[in-house]
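The chain contents come next:
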Amino acid sequence: MSQTETEIHAPSTTQAPKTHELKPEPSQLGFMRPDHSKSVIMDWLTTVDHKKIGIMYGAIALFFLLVGGFEALIIRTQLAFPENDLISAQRYNQLFTMHGTTMIFLAIMPLNAAFFNFLVPLQIGARDVAFPRINSFSLWAFVAGAIVINFGWVLQALQVMGLFEASGPTAGMTDLAPAMGWFGYAPLTGTNFTGAGTDFWIMGLQILGIASLSAAMNFVVTIVNMRAPGMKMMRMPVFTWMTLVVSLLIVFAFPAITIALGQLMFDRCFGTNFFVVAGGGQPILWQHLFWIFGHPEVYILVLPAMGIISEILPVFSKKPLFGYSIVVFSGAVIGFLGFAVWSHHMFTTGLGKVATAAFSLLTMAIAVPTGVKIFNWIGTLWGGRVRFSAPMIFSLGFVWMFMMGGFSGIMHSSAPADAQQQDSYFVIAHFHYVAIGGIFLAVVAGIYFWLPKMIGKMWKGNLSTWVAIFSTVGLNVTFFPMHFLGLLGMPRRTHTYLEGFGWETYNLVCTIGAYILAFGILLLVVDIIRCFRNGEPAGNDPWDARTLEWATTSPPQVYNFAKTPIIPARDALWEDKYGPENRKITHEDDHGHGIHMPSQSWMPFIAALGFIPVGLGMSLMQAGVPYMGYVAIFGLLVLGLGIALWAIEGPGGYHMHPEVDAA
Amino acid sequence: MSDTEHQEDGHGSLVINNKKLLMWLFLGSDCMFFGTLISTHLIYRKLYPESYDPLLVFDLELTSGSTFILLMSSVLMALAVSAMHKGELKSFRLTTIGVIFCGLIFLACQVYEFAHFTNEGLTLSTNTFGSTFYMMTGTHGVHVAIGVFWLICLYFYSYTGKMDAHESAVDVEVAGLYWHFVDIVWIIIFTAVYLIEYIPGLR
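Protein chains in written order, with the working numbering: chain C, 1 to 663; chain Z, 1 to 203.
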């Protein structure tokens, strides 16, 4: 089947832009816009195409996934034996801090963003997101934040090589990498306890927050306003629905952490007393503000994964999603309840009986919509014609593994039990089952499902099975014993332990598991590279899928759809292929004025670049390095200049006249 | 008023203009920003009732005056939006200048207030009251300053000849939304920070 489609598809990639020659035009500033550039680097730096931005998000996130995984491997190696001295306690603290921060903010969130970017406009039949230049700004601000947050590692590497020394003007620069845990509890983040690493962490997270907020607002507008005709809300693919819920979560949850980080930065740089105990500050306030953000953040991470699974299971069961509306509704309920459960991270802080009981109950309530989703997924499989292709294998793994993480989550919701499990390896086991068994497996399923659409090449061979075996076995071997370790009393974040507590065997098994998991991820990288190098053309619809993104070419043309589709039903492509005559996708007539494309721009890139001097300047100023305040001001000026020129240059745009009908 | 037909892609589901929806989302997010700041202030105020008496430095007449001016600027802003909808550039410029002027007066009062309080010995690091007060009102002041800068840009842009009711009404309306929001936040801050201190039972 894919053979014939390949032949149809192959010429269309070569001849699609063969319309009249497009040349760059000057913007309102008088500069030439960077459209239709021959230079590949310039094209990618200035792109506003949601597909290219999505691919860049994905590539950078995969890189940081490997970085964070490497950090985890060092942690596990250190813990393999009692009283191991592979790394110092300080280095260990830095590693687990950066492992958590990297995985959450630099790996999973941007991986989700990669899917949002690539898929949402395709799934709703739009030409691009609502604000293409803001989209580009979000990507580059994310990169700037990632650089700032990891700058401590660079300095530390230079220090080891003898190229950097904390002396003279830089004498104040101690603790170059953050070492206070990914939730940065006060008062450990105070100036008298931690050094420059904390400032890099604060400024980096602040910049990442701006990137996430601007991206989230963009996606809400896109989903609400840019849907193709007929694409009603309740006809949208579940992944798009979950993107909408997650974007709203980001819009309302991130301000809390932004303000908390701002207060912390003021504490460190300008001597305020928000979290300084000596000045009357309350460290508990940080915990509240952090988790008011931090718990919705958990759903920000996991809801896209649920969306991915809700897309894949129907395709490989050849059945519509069981209970579409209830799946969508429970996703929204999870998002809503996510704001009301933050204090379950703080049961041991002494909230009082009423608050503890209320947060306990609300936390248990979240299990209901989650359970509803799991039953609906199983209902989708029930009686379906199940195909065990790679995306399906990972999705089935997700349902099972995520459920295990959910079960230990319900155990935490009971406050007395949680008091026993707090800060033990039991918690580590719980959230790694959710993060790896849930989110990671779903993201890998998504990669196997959509990479053929992204790059137009189909997977070769069955390496994916081995990826699934090694990663699932590895994750279970690593994290299942941690339940027991936690119940035996091993606290998290200890860099070593003594013999004789009965922890030795479990820890060794965990470490072996971590290497198995790492091998699985290595195989995944190999498989992706193989797909890029010698994958065969995928054709438009290699999986016999259901939603609109499979109706266009693989990879999609820059304009996505040559003619705007008119959506007659949910599962639009499926109905188009197999449904009755009145449910075929029809197309709007463009009356010959072509497709309006947004112009590319340097300005979002330049504006986002300004964040790097802002972040590094503020951090180094706090460490007492001279003139760094001016560097931060310079960065703000670059940011302001970028935004001003962005406003003045005008949106621009050009028209394309595709002759080939992509549908 | 909404330029639906101007949207290049002309998708049928368009109800509210993209820019306006983006601004509404930003304002929703901004509510959470200010909510966090104000609740921090109220929590610390409740926690340390005896630590500092703000009435030592507060000057209610001055702050009420600047509050009144800021609120009146919202009227002018509404007039500016309406003028732009009718394409009356002259009236737009006049009212916008008024808004800018009011915003600058408010900012000047705030700068004076900050300087005065600092001289009286209340700084960022004096106590938690100082920390929360300066950070919250400062954040609001930055919002006002950004709004003033934005309106100045719009004012000068109106001389380029590229502004008309069809193209720019939405841009002015978005700026207006922002300006009204900043005013409303000030009403809450003024109540939660200043007026509350004058209620005898709450001290």
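There's no promise every hint is true.
[To be verified] Lysine-lysine pairs mimicking DSBU-like chemistry, simulated, CA-CA at most 35 Å apart: (1) Lys-20/Z <-> Lys-52/C; (2) Lys-52/C <-> Lys-90/Z; (3) Lys-232/C <-> Lys-457/C.
Because the hints were derived from the structure by calculation, they are not lab data.
A quick note: this is a predicted structure, and the numbers were derived from the prediction, not measured.
Going through the hints against the structure:
1. Lys-20/Z <-> Lys-52/C: holds, 27 Å
2. Lys-52/C <-> Lys-90/Z: violated, 44 Å
3. Lys-232/C <-> Lys-457/C: Holds: Lys-232/C and Lys-457/C sit about 31 Å apart, inside 35 Å.
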